[in-house]
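**Q** Single-letter residue listing:
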Amino acid sequence: MKKIAMIIIAVCGLLLTGLTYFRTDLAGEQVGEIVDRQVREVSLGKTVDEYKNHDERRLQTLHVRILSGQHRGKTYRVQDTYVSSQLLTQRYRPHQRVLVGFVKGKAKLLGIKRDWVLVLALTVFICLLAAVASRHTIILLVSMGINWLLFYGIVCWDIAENGTRTFLIYGTACLLFAGISLFLAQGWSAKMLLTLAATLLSSLLAFLSCYLIMKLTHESGIKYEAVEYATQNPRSLFLAQTILGLLGAVMDEATDLVTSLQELAQQNPHLSKWEFFKAGCSLGQDIMGPLINVLVLIFMAAELPMTILYLRDNNTLHYTFQFALSLGIVQSLISAVGIVINVPLTAAGSMLFLHRTSKEAAK
Amino acid sequence: MTTLSALLVFLLVLMLAVGGVSGLRSFMSVVINTCLIILVALLISWGVNICLTAIIFIPLKLLTIIYLGTHNQKVAKSAFTCALLVTVIISAVIIIFQWLAQAAGLGDQSGEEVVGLSLLPGLSYPQIGILVAIFSTLGAIAEASVAMSAGLLSLHQHQPDLSMQQLLTSGASMGKDILGTAINTILFGFFGSFLPLFIWYQRLNYSLDQIFNDKLFVINGLIIIYSLIGVVMVVPLTSWLLAKQLGQPEKE
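Same order as they appear, the protein sequences are chains V and P.
Mapping of the first sequence onto numbering that gives the first Met the number 0: residues 0 to 362, in sequence order.
Mapping of the second sequence onto numbering that gives the first Met the number 0: residues 0 to 251, in sequence order.
No wet-lab data here; the hints were simulated from the structure.
Everything numeric in this text was worked out from a predicted model, so none of it was measured.
Each hint should be verified, as a subset may be incorrect.
[As the list claims (entries may be wrong)] Distance condition first, Cα-Cα at most 25 Å in a straight line; then the derived SDA-like pairs of lysine to any residue:
1. V:Lys214 x P:Leu7
2. V:Lys45 x P:Gln126
3. V:Lys51 x P:Val114
4. V:Lys190 x P:Leu154
5. V:Lys222 x P:Glu112
6. V:Lys2 x P:Val114
7. V:Lys103 x V:His135
8. V:Lys105 x V:Gln59
9. P:Lys175 x V:Ile8
10. V:Lys107 x V:Leu121
11. V:Lys107 x V:Glu32
12. P:Lys175 x V:His135
13. V:Lys1 x V:Ile137
14. V:Lys272 x P:Ser21
15. V:Lys73 x P:Leu15
16. V:Lys277 x P:Gln158
17. V:Lys222 x P:Ser117
18. P:Lys73 x P:Met173
19. P:Lys175 x V:Ile137
20. P:Lys175 x V:Ala9
21. P:Lys243 x V:Ala130
22. V:Lys222 x P:Phe9
23. V:Lys105 x P:Leu7
24. V:Lys214 x P:Leu15
25. V:Lys272 x P:Val20
26. V:Lys103 x V:Lys51
27. V:Lys2 x P:Ile88
28. V:Lys107 x V:Asp79
[As the list claims (entries may be wrong)] Take a look, some chain P residues computed to stay more than 10 Å from chain V by CB distance:
29. Ser90
30. Leu167
31. Leu245
For every residue, glycine included, the Cβ atom is placed at its ideal position computed from N, Cα and C.
Please work from the sequences and hints to get the whole structure.
**A** Structure representation (structure tokens):
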């Protein structure tokens, strides 16, 4: 059964990848194909910038056959320069599918057609997921899909409000995200409500206490101007980012703790309330460290390319830290506070509700 | 006092209050982990070989996350072995997909931020892209393998005479719960990380096709998928490794 399902998923996924690869009628983009068997390439000379960094500019001469739009079927000769470090530019390969633009009748390469790689990666993921989680896969995928849709809705709402009412928008977002994810994973039960309450309460508490600290220290040292790709008030954007990152980790932890404590309550109904609470805290201690590191790595690794660029240009570590890293670190810290607060809160909640129900069951 | 140091002190106090000595260790693991990332950035900017940096720092980061973060040595040992194994596999996957997608460096959107910076850094950004992708997945892989190892080892403690097959079955059912929650952590972590980018796309009316071909979206989308693949691989590998080690041979 499982093997058949996996084969079906793999075949469908590969078909979709192929379809995406060969699709040419993209909205807003024109697609071309590099027809050269070997791309002619010459060096435009080595460069040394003011920081003594050695690099090289190279010129590629390629022939591109246009596959869509009004220039369809024609082949153009295109020249494109790239830098060896490939920071903003890239080296094109023979037979690659590319995105093309036209300036005054001359073709220009805009980038590589990359959408099919995402489809291929998703195929690999879903295949593996099906192998490991079997029937559970469907719920996991549905939950992910709904979360993406919700995220899209939240982004639209944020834009409609033009970056104001951050707390209202992202507070509602948290409620919906947590409610729907937990409902799909656990169904409607006392356990689910307990997890939901613990998640929301510790997220709220963590955010409020950190917000208070930020206010008390006058948000000194936070360079909001360094928020990347900000198209609206960067401060509200930063707060919104933090709320979202915080929620996932806290929900993860609360679910793990409540599940383990429920098992404990069933196995040892004679534990005292205090022992039960202590058991919850000691379970939490093991979870919280690795969980905080998950977010640290997500937030910090994303800043790595920019950090390296800053440092490479002889900026001091202090300056680089402020502009490229401090936002990521503050974000990780606020999430970490949520993860830590969540441990005693969930343990206490479980003590009050799970412990009592298990006692009654024992009688 | 800057906000950052105030928050740091607040976190330390909270972790000490909740976890005592093991709270302190977790706090140290977070601090060391952060310092390691900064050290990696420094080393690469000084021109140290990127592959070599990766080979040294990836196990080092796993060690700090797992050994300092958990106080049961047995759990830590099994989690580390498994996490390292998965990281090696996922690194191969990452290298293949990064080569296919050629998505490295900065996107077209970073125009404003790179003003005043030299754009001829003389470093291989495709290699840096691979390193960033591997680092992003490390946390999730480590967390999932700790959760799996802890669960299976405590099961073995209570019922030491389980056979290898029984351990595998329990591992599979435990894995489903861990997968569900780990996927949420990854997803929301990245939602938070890339919110400004999505608002950017929506504001500038990118079409879906334009988004799916945009370099930054592809980089970020792929990193999410790598992390998910990593976590999915942790589940069967940990239960298989532990079941082989602890499981009683079936009686004939």
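**Q** Of the numbered hints stated previously, which ones are contradicted by the structure, given in increasing order?
**A** Violated hints (numbers, rising): 6, 7, 10, 15, 23, 26; every other hint is consistent with the structure.
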